[in-house]
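There are 2 protein chains.
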Amino acid sequence: MTVSAALTALADKFGEQLRTSQSERDQHGGSETHFNPIAPDAVFYPNSTADVAAAVTICQKYKCPVIPYGTGTSLEGHTLAILGGVSFDFSHMNKVLAVNCEDFDVVVQPGLTRRALNAELRATGLFFPVDPGANASVGGMAATRASGTTTVRYGNMAENVLALEVVLADGRIIRTGSRARKSSTGYDLTKLMVGSEGTLGVITELTLRLHGRPEATAAAICAFDDVADAVDAVIAGIQSGVPTARIELVDSEATRAFNLYGNTDMPEKPHVLLEFHGSHTAVDEQARLFRKIAKDFGASNFEFATKPEDRDALWTLRHNAYYATLALRKGATAVVTDICVPISKLAQAIDETRKDIANSDIPGPILGHVGDGNFHAILLIDPDKPTEKDTALKLGHRMAQRALRLGGTISGEHGIGVGKLDLMADEHDQAWQVMGAIKLALDPHNIMNPGKVVRLN
Amino acid sequence: MTVSAALTALADKFGEQLRTSQSERDQHGGSETHFNPIAPDAVFYPNSTADVAAAVTICQKYKCPVIPYGTGTSLEGHTLAILGGVSFDFSHMNKVLAVNCEDFDVVVQPGLTRRALNAELRATGLFFPVDPGANASVGGMAATRASGTTTVRYGNMAENVLALEVVLADGRIIRTGSRARKSSTGYDLTKLMVGSEGTLGVITELTLRLHGRPEATAAAICAFDDVADAVDAVIAGIQSGVPTARIELVDSEATRAFNLYGNTDMPEKPHVLLEFHGSHTAVDEQARLFRKIAKDFGASNFEFATKPEDRDALWTLRHNAYYATLALRKGATAVVTDICVPISKLAQAIDETRKDIANSDIPGPILGHVGDGNFHAILLIDPDKPTEKDTALKLGHRMAQRALRLGGTISGEHGIGVGKLDLMADEHDQAWQVMGAIKLALDPHNIMNPGKVVRLN
Chain H
32 MTVSAALTAL
42 ADKFGEQLRT
52 SQSERDQHGG
62 SETHFNPIAP
72 DAVFYPNSTA
82 DVAAAVTICQ
92 KYKCPVIPYG
102 TGTSLEGHTL
112 AILGGVSFDF
122 SHMNKVLAVN
132 CEDFDVVVQP
142 GLTRRALNAE
152 LRATGLFFPV
162 DPGANASVGG
172 MAATRASGTT
182 TVRYGNMAEN
192 VLALEVVLAD
202 GRIIRTGSRA
212 RKSSTGYDLT
222 KLMVGSEGTL
232 GVITELTLRL
242 HGRPEATAAA
252 ICAFDDVADA
262 VDAVIAGIQS
272 GVPTARIELV
282 DSEATRAFNL
292 YGNTDMPEKP
302 HVLLEFHGSH
312 TAVDEQARLF
322 RKIAKDFGAS
332 NFEFATKPED
342 RDALWTLRHN
352 AYYATLALRK
362 GATAVVTDIC
372 VPISKLAQAI
382 DETRKDIANS
392 DIPGPILGHV
402 GDGNFHAILL
412 IDPDKPTEKD
422 TALKLGHRMA
432 QRALRLGGTI
442 SGEHGIGVGK
452 LDLMADEHDQ
462 AWQVMGAIKL
472 ALDPHNIMNP
482 GKVVRLN
Chain Y
32 MTVSAALTAL
42 ADKFGEQLRT
52 SQSERDQHGG
62 SETHFNPIAP
72 DAVFYPNSTA
82 DVAAAVTICQ
92 KYKCPVIPYG
102 TGTSLEGHTL
112 AILGGVSFDF
122 SHMNKVLAVN
132 CEDFDVVVQP
142 GLTRRALNAE
152 LRATGLFFPV
162 DPGANASVGG
172 MAATRASGTT
182 TVRYGNMAEN
192 VLALEVVLAD
202 GRIIRTGSRA
212 RKSSTGYDLT
222 KLMVGSEGTL
232 GVITELTLRL
242 HGRPEATAAA
252 ICAFDDVADA
262 VDAVIAGIQS
272 GVPTARIELV
282 DSEATRAFNL
292 YGNTDMPEKP
302 HVLLEFHGSH
312 TAVDEQARLF
322 RKIAKDFGAS
332 NFEFATKPED
342 RDALWTLRHN
352 AYYATLALRK
362 GATAVVTDIC
372 VPISKLAQAI
382 DETRKDIANS
392 DIPGPILGHV
402 GDGNFHAILL
412 IDPDKPTEKD
422 TALKLGHRMA
432 QRALRLGGTI
442 SGEHGIGVGK
452 LDLMADEHDQ
462 AWQVMGAIKL
472 ALDPHNIMNP
482 GKVVRLN
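Taken in sequence, the protein lines are chains H and Y. Per the numbering used here, the first sequence starts with residue 32, numbered consecutively. Per the numbering used here, the second sequence starts with residue 32, numbered consecutively.
The set of hints was computed from the structure by calculation and includes no laboratory data. Heads up, a few of these hints could be off.
To be verified - Quick list of in silico lysine to aspartate or glutamate cross-link-like pairs, DMTMM-like style, CA-CA up to 20 Å:
| hint | chain 1 | residue 1 | chain 2 | residue 2 |
| --- | --- | --- | --- | --- |
| 1 | H | K361 | H | D415 |
| 2 | H | K94 | H | D43 |
| 3 | H | K323 | Y | E383 |
| 4 | Y | K420 | Y | D453 |
| 5 | Y | K323 | H | D327 |
| 6 | Y | K425 | Y | E383 |
Computed from a predicted model, the values in this text were never measured in an experiment.
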């Protein structure tokens, strides 16, 4: 009822920008992972911040849910229309508005993808480092506080978003942060919005921090006899202060997936992939230092990739990891887990997780941004067997509890969405109630991506 | 009335932990800068989080203001009891609770000072880098989102606080964040609390990020003919990606203050002080690169200080800058300004500020963490001449407006307190109202350091 009134008002105002065909709705109601699709009632394509503000004002009037949509690559059901409403698709708001080379920053619209951004920056000598694998939109990456392979060196979205423009639930447009590198002027609303998954407001513009392309880049890969050795080598590397731009762990099962998908012939052992950024001297020094440490832990097949094409081949493998592992089991869908622990607990966390997976009948290759203490098991399930999904979700739940027991967090980078709501009280206890109080203060009618992150009574 | 009832209840419960002598009150009602003292009604010395929670619960019951107090070194009147109430002095809660060397983190109580922390860490090879000059408490540093000389390399408090324990206005104890390096589990309450100046809750425990002591450290100093050349050299250094751990500008008047106070004989010209951290090779390379750039901008008297005692002498000078500049004018007090702009606007911001100061009769040496685009003019006023204070405050106000015009912020690191409340709407517009809504949601009776950061109607 209320939603239909909102759709009428939106259609009156925006005409063709509002779409209600089944195919449009279905396209926006899916998920990359195991969640059952739940389509929105309509899809709205804003062209400007003013469009967003006007549409949110209408939605607020009729208490119609607003679900921001980037590329739909999130992994915890963030864009599912669980209470119906309108998906705000930002694909038409995908411009670079200003590149400030001298200040290493860029002002962009939320629908821009990270690859399109880096393509636009190619001539500047600068780049945007945050790299979650998928070619996500920067708005979505900010909303989920994404990170990825380069976080160990360049930080996650929290550290790389300088300022935001946000439309609030009541249609007000606010600006948070500035182009200054730091500020002590009250509550950090930028960092409050980053990671709020669209539940506090809709991001309509972002000022992102850029980094200088390193003078030199070297990539390396090496194999270990077992995961524990690989993890111990990574920990030793981090602790001895070797600065790496990427340190990724791929277990033997994921290596097998890479071989099958990418037509490579790596030994089916755990591998560590690394990248070093800096001056030529520094990169050489770092790579040599890490090799020495890795050899102490029994690393074999240590290979450097200094040519851009070899490096690209290496990282393309890693970027396709999700699809490569999916291909390990024909017709499978995935429960993708995501925990992060203090680095001293990483070996234990991975070891316990591997044993737990081995005791199930579900394949579960492990990949990790191990420099951050963050790893994923990709649990491959037969979508036609509900018991498998149940088993996988329970494995994921135990992983999350394990992370908490070891002083870590239930999500390193994928976020909460609907998939991890049940774990929020376990991680945050009373602090989750505080999140709810903030949500209520900014969105009293609970129209902004309702049912995600917090639970309101 | 309400405050006196609170004091009675607190005295009943805590005995000698509550002090009401005039001298105690006066000690907690002052300010390092130009603000007139406003003493609290009492000073409370908690020994534990439980003490804090119980005392806050009492204060909440009687609507008595709670003002957290570290070392009293804040610069914008953060600890003034403008609505009366109880100063919570954390000097008895100053322990290191756990050092996790493998994870590069430490768990501490808020009353610990940064120097005491680093003294405790000496044997570990790790250090806590944030360095605002004063030997502030880490709780106060978190509350004001402090930064300082090393921010260009290691980040400010926002980037170096991993987790907090906070007592809320209703006495609930929450934990925010974890020891994991990153997390995507809802609203980032840690970063909301950092910089909230005690207005959302009282910090009772902090988990701080540590960094490995660099293998090699080199410091350098050089002189320039004018400030514009110095700033341009810094900008060129930053833009060409020379990694520096510190880049500080000291103008000719501040140099004169250093000479007088520290008994040195530097030429009375603008100086840039630098520090490089890394491996021996990297540090050499960085220092050489910067020297080359500096010489292109006419740098003279380029001196390296690689011996620890020479480096210490250099940075002791910088750390004493505030007291050195104060000593330039006998009996003076200071209006300390603090703006931060995008680095491309730094030369213009400093130039306009210098001209504006030159047009007044007030001495105003300039010092800056110029690698961040952040600088301070220390405006030296005769406390007995109200017109001078008025002139200085107007200069500061124009600096802040200038920062906003240039895309920057009214405070890089000192915070809002009561000193910059009138500028908050200019910087944040509607977003300031959002801060007010968050404050009301978490502290409906406005007892947590009331009158700071936000204004409630």
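Hint check results:
no.	hint	in the structure
1	H:K361 / H:D415	12 Å, holds
2	H:K94 / H:D43	17 Å, holds
3	H:K323 / Y:E383	53 Å, violated
4	Y:K420 / Y:D453	16 Å, holds
5	Y:K323 / H:D327	40 Å, violated
6	Y:K425 / Y:E383	14 Å, holds
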